[in-house]
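Note that the protein sequences, when read in sequence, are chains A and B. First residue of the first sequence: 1, per the numbering used here; consecutive thereafter. First residue of the second sequence: 644, per the numbering used here; consecutive thereafter.
Careful, some of the hints might be misleading.
Said to hold, decoys possible - Result set (SDA-like, lysine to any residue): computed pairs, CA atoms no more than 20 Å apart in a straight line: (1) A:118 - B:781; (2) A:118 - A:92; (3) B:797 - A:120; (4) B:797 - A:167; (5) A:372 - B:730; (6) A:515 - A:455; (7) B:797 - A:113; (8) B:764 - B:749; (9) A:36 - A:8; (10) A:372 - B:733; (11) B:797 - A:106; (12) A:372 - B:781; (13) B:764 - A:372; (14) A:118 - A:65; (15) A:118 - B:839; (16) B:841 - B:733; (17) A:619 - A:381; (18) A:525 - B:839; (19) B:818 - B:859; (20) A:115 - B:733; (21) B:764 - A:115.
Unchecked claim - With beta-carbon atoms standing in for the labels, derived distance ranges: (22) B:697 - A:591: 35 to 43 Å; (23) B:776 - A:595: 50 to 58 Å; (24) A:337 - B:767: 54 to 62 Å.
The set of hints was computed from the structure by calculation and includes no laboratory data. The beta carbon of each residue, even a glycine, is placed where N, CA and C say it ideally should be.
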Amino acid sequence: MTTTTRIERHHYDVVVIGAGGAGLRAAIEARLAGKKTAIISKSLFGKAHTVMAEGGAAAAMGNVNSRDNWQVHFRDTMRGGKFLNNFRMAELHAKESPQRIWELETYGALFDRTKDGKISQRNFGGHEYPRLAHVGDRTGLELIRTLQQKIVSLQQEDKREHGSYDARIRVFAETTITELLLDGDRVAGAFGYYRESGEFVLFEAPAVVLATGGVGRSYKVTSNSWEYTGDGHALALRAGATLINMEFLQFHPTGMVWPPSVKGILVTESVRGDGGVLKNSDGKRFMFDYVPDVFRKQYAETEEEADRWYTDPDNNRRPPELLPRDEVARAINSEVKAGRGTPAGGVFLDIASRLPAEEIRRRLPSMYHQFKELADVDITKEPMEVGPTCHYVMGGVEVDPDSGAAFGHVRGLFAAGEVSGGMHGSNRLGGNSLSDLLVFGKRAGGHAASYADGLTARPKVSVGAVEAAVETALAPLQRDTGESPYTLQQDLQAVMGDLVGIIRREGELVDALGKLAELRERVAKVSASGGRRYNPGWHLALDLRNMLLVSECTAKAALERRESRGGHTREDFPAMDPSWRRVNLVCSLDGDTVRLERKPLPKIRAELIRLFDRAELAKYLTDEELAEFDALVTDAEAEEASK
Amino acid sequence: MAEQKSTGAGKSGTKRQFRIWRGDESGGDLQDYMVEVNEGEVVLDVIHRLQATDAPDLACRWNCKAGKCGSCSMEINGKPRLSCMTRMSTFEPDETVTVTPLRTFPVIRDLVTDVSFNYEKARETPAFAPPADLAPGDYRMQQVDVERSQEFRKCIECFLCQNVCHVIRDHEENKPAFSGPRFFIRAAELDMHPLDEKSDRKEYAQREQGLGYCNITKCCTEVCPEHIKITDNGIIPMKERVVDRRYDPLVWLGSKIFRRGETPQTSVTTPRSGSAAHSGSPAGVHSHAGGSHDPRAEAQAQRGVNWHREVPKPTAPAVDDRGKLPLTELTFDRAAAPSPFGDDVTFPLPPEHLNFAHPEQDKH
Ligand SMILES: Cc1cc2nc3c(=O)[nH]c(=O)nc-3n(C[C@H](O)[C@H](O)[C@H](O)COP(=O)(O)OP(=O)(O)OC[C@H]3O[C@@H](n4cnc5c(N)ncnc54)[C@H](O)[C@@H]3O)c2cc1C
Ligand code: SF4
Ligand code: SF4
Ligand code: FES
């Protein structure tokens, strides 16, 4: 076959797939280690999803409250993830994020400052002290731009030394990787296409770092962009690596569902805190019907009492709109499924009829302006239409905590950022992602470089594998009998949104798996019209199989985990079950079927578990584990006494 | 309230006419589409609907759909805009919406252009030079001191400013020497960075980035979706300080004496306003300080360079019979883009109306 000989080939030591925070940090590290490094990105350089992060990056620098330190951060992270986190990752993250943030300043970042000139830190849900380094509400932009500019500065160095900007680090923008190529069980390269021309390109490299971000595009309502099709998750599976925690997705209970121009954009929870109420299409304030028994004592039973709380919180109980996220989401979900939702599949969040326009604008200036400018929605005049929105995936490639090397039977594959799993357990704290990108991006890049160093012979890409990759990639263009990729994407989003969404039930999950199997047949026959040059229909057709594979993992794991924890809520098993805390669900690929296995969680080191109170641990641990903890404490005390 | 709102969502959209440029570097044309538009949508939503229906291979860039990534730049009814931030409700109900790719950059396909020019310029702009004696974690800066640079760091690299700048719009020949407003503010940002070690950012901008080509038409500021005051806060201070240094009286005198082969800056203005200007009393000054009462500006104006002077205000070209701007090249009656000086201005302009600093002048 002649096709393979005409394919553009590049040789690198380390190939980083993804140009978000994790990918760029990994690439910088690999280049600093002296490796010839390529960065590959589906969109233009500097546009990756990381630009969207607003809140900040969590790092226990202690600039605002000097009592903050890594132990406190570690504790918060473990609590947030409901103890399902890989403890070693949470530990490394808490210890190393301050250095990673400070390092950004040496690359030129300009964070907001405290009075004494240090990096300012803000409060965020779940963090005990003010901890998020930020720049207004555009922290993600600052992060990605800083890393982008650091890469430019390295390229300028290379230009001075070697005469070419691209001598040791090169960015391939608008290039999509569709396949990883192996030599036995070792990574040998990556295969993809230039979006611009539709031409294929082959990167031969012994080490590949995945930093491709998340999977949100499989959901109808999401804050994620078109890039989030789970490519890295799927590439890893097909290369023989494993995924963990795929049942855990973070949904925000109140994202806009209408109008379309703001669909997926999050409405801060402070709208409810400031008096906003949730109503169904009958105009009923329905949250009163959804107060769980355990919360009865704290929450108001009548609208009158609830309304009094805003001015007199000491003598009244809280309005039920202020129930925890999961409860709010569950209530919205039930209303919509009972046919009392809005046509767009949400409910109304009304602040307009509750506060004077003036007051709303004063308390929620950015909300007001955002919706006014983006959608011409005046939140002082009309209610918002909101519903659960898919935001972040906790699950991802199972990695070695220290090096980011993928588990399973593949060598030379590393992962960092949202595509990797374990760090956040069953739920991520706000702000922990941006620092996660930096900490594990650096680690993955460094370890990929030393792995490449340690090889005696370079793995080889086989001609057959490249030919097969070409064939798979061209197939949708050559068929004209199949369905449109856009229809298939909509159908997939409907299945995932309706049946594997924020609140899950056994029956629906079984149903979803059936529908996904049907979709798999249809996706295998998808056809895209048009040519190879910048053809979004074709690109989507190729992304679909990744979305489908990852969705299957999520649905399977969600069906298996018979408890509710963090980002996984089962209506039929509403409580957290300590015996499930000891289990990770691990997905792997067997031929082309997803296999699910249970794997015990690594045991938390003694000095780390002792950072917690027994009373707190009792909520999470089994009796057996608690007994072990008690023994540990007694031993330690005995040792101390003997000194 | 609930009912009133639900009708909004349920109402099936009206059909609207769109004209979209389809083609590639070998040519193309505007194609008509009738497409459903719903209440509350932006232009990008409509383009996505077209992709899902009539035009599955219609090429367009986007990422965040929230005005944060700067991917979805295009020209909508001739105006450079982010398509995810352009609401359909800003058009008349029966208005045809014409969407074309950015004009300053070569077309790849449909609405996607080759913006690599910007990445090349970014690569040429010298990077942040960290202070050698400060360890990570020891950086101390006051909020007031970082704010000036932070304004420029809001840039989402949508390149709309680059697209409207007349120096390179339709002037391919200026591209090698001119970095454009996006990179002037990058230089300004570093110049104002409290800890940047490099001290010749302005000179560099003048010498290597072609700052001298800019004559402060402010078109860039006008289109910036982040509302960065590109000219007032970035370009003008950069120019001023270059001017300050260059026109340090002694240096200035020196250059007058030693650079004989060149036309001194003052000669541009002397024939017309020189005599009046030399009267020395502010009342009698008829320089082109553009109504500025800033004595420093006035003093500069005497030397022929004054960045506060008002150049002719950009004027939009004549509107058509519907009162709209016929702004795309295909519907416009002239061969090129409307002049940023306004189409009612005749050339040559009187020399005292020009701010000109030759890009080569600092190389000596
Ligand atoms: C609206 C919003 C707000 C958020 N706010 C915060 C916050 O305040 N704090 C916080 O900590 N986190 C926040 N997050 C989460 C955080 O932004 C993301 O988790 C994080 O940016 C992910 O970074 P990443 O480096 O893993 O991937 P990304 O930045 O998403 O980058 C992925 C990269 O991989 C590339 N890629 C993907 N597939 C392929 C392929 N097949 N071939 C080649 N390249 C590919 C993409 O082009 C892209 O460059 C927010 C997320 C959203 C959506
Ligand atoms: S002010 Fe005018 S000439 Fe100067 S950079 Fe901006 S658009 Fe270009
Ligand atoms: S300065 Fe403004 S217009 Fe120019 S690229 Fe940046 S955001 Fe866009
Ligand atoms: S899609 Fe990001 S700015 Fe429009």
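*residue 515 (chain A) paired with residue 455 (chain A) [C-alpha distance capped at 20 Å]*: Violated. Residue 515 (chain A) to residue 455 (chain A) sits at ~45 Å, over the 20 Å cutoff.
*Okay, residue 776 (chain B) versus residue 595 (chain A) on CB: inside 50 to 58 Å?*
At 56 Å between Cβs, range holds.
*Are the Cα positions of residue 372 (chain A) and residue 781 (chain B) separated by 20 Å at most?*
violated, 41 Å
_20 Å limit on alpha-carbon distance, applied to hinted pair residue 118 (chain A) and residue 65 (chain A)_ = With a Cα-Cα distance of about 12 Å, the restraint between residue 118 (chain A) and residue 65 (chain A) holds, given a limit of 20 Å.
_Proposed proximity, residue 839 (chain B) with residue 118 (chain A) (alpha carbon, max 20 Å)_ = holds, 17 Å
*Going straight from one Cα to the other, do residue 118 (chain A) and residue 781 (chain B) come out at no more than 20 Å?*
holds, 8 Å
*Please work out if residue 841 (chain B) and residue 733 (chain B) have their alpha carbons no farther apart than 20 Å.*
violated, 46 Å
*Taken at face value, is the distance from the CA of residue 92 (chain A) to the CA of residue 118 (chain A) at most 20 Å?*
violated, 23 Å
*Do the alpha carbons of residue 764 (chain B) and residue 749 (chain B) lie within 20 Å of each other, as the hint requires?*
Holds, because 16 Å separates the two Cα atoms, which is no more than 20 Å.
*asked:* Hint check: residue 818 (chain B) vs residue 859 (chain B), CA-CA at most 20 Å. Holds or violated?
replied: The given pair, whose Cα atoms are some 17 Å apart, holds under the 20 Å limit.
*Restraint check for residue 797 (chain B) with residue 120 (chain A), where alpha carbons must lie at most 20 Å apart*: Judged against 20 Å, a Cα distance of about 18 Å means the pair holds.
*Are residue 36 (chain A) and residue 8 (chain A) close enough, with their CA atoms no more than 20 Å apart?*
holds, 18 Å
Checked against the numbered hints above, the structure violates hints 2, 4, 6, 12, 13, 16, 17, 18, 20, 21; every other hint is satisfied.
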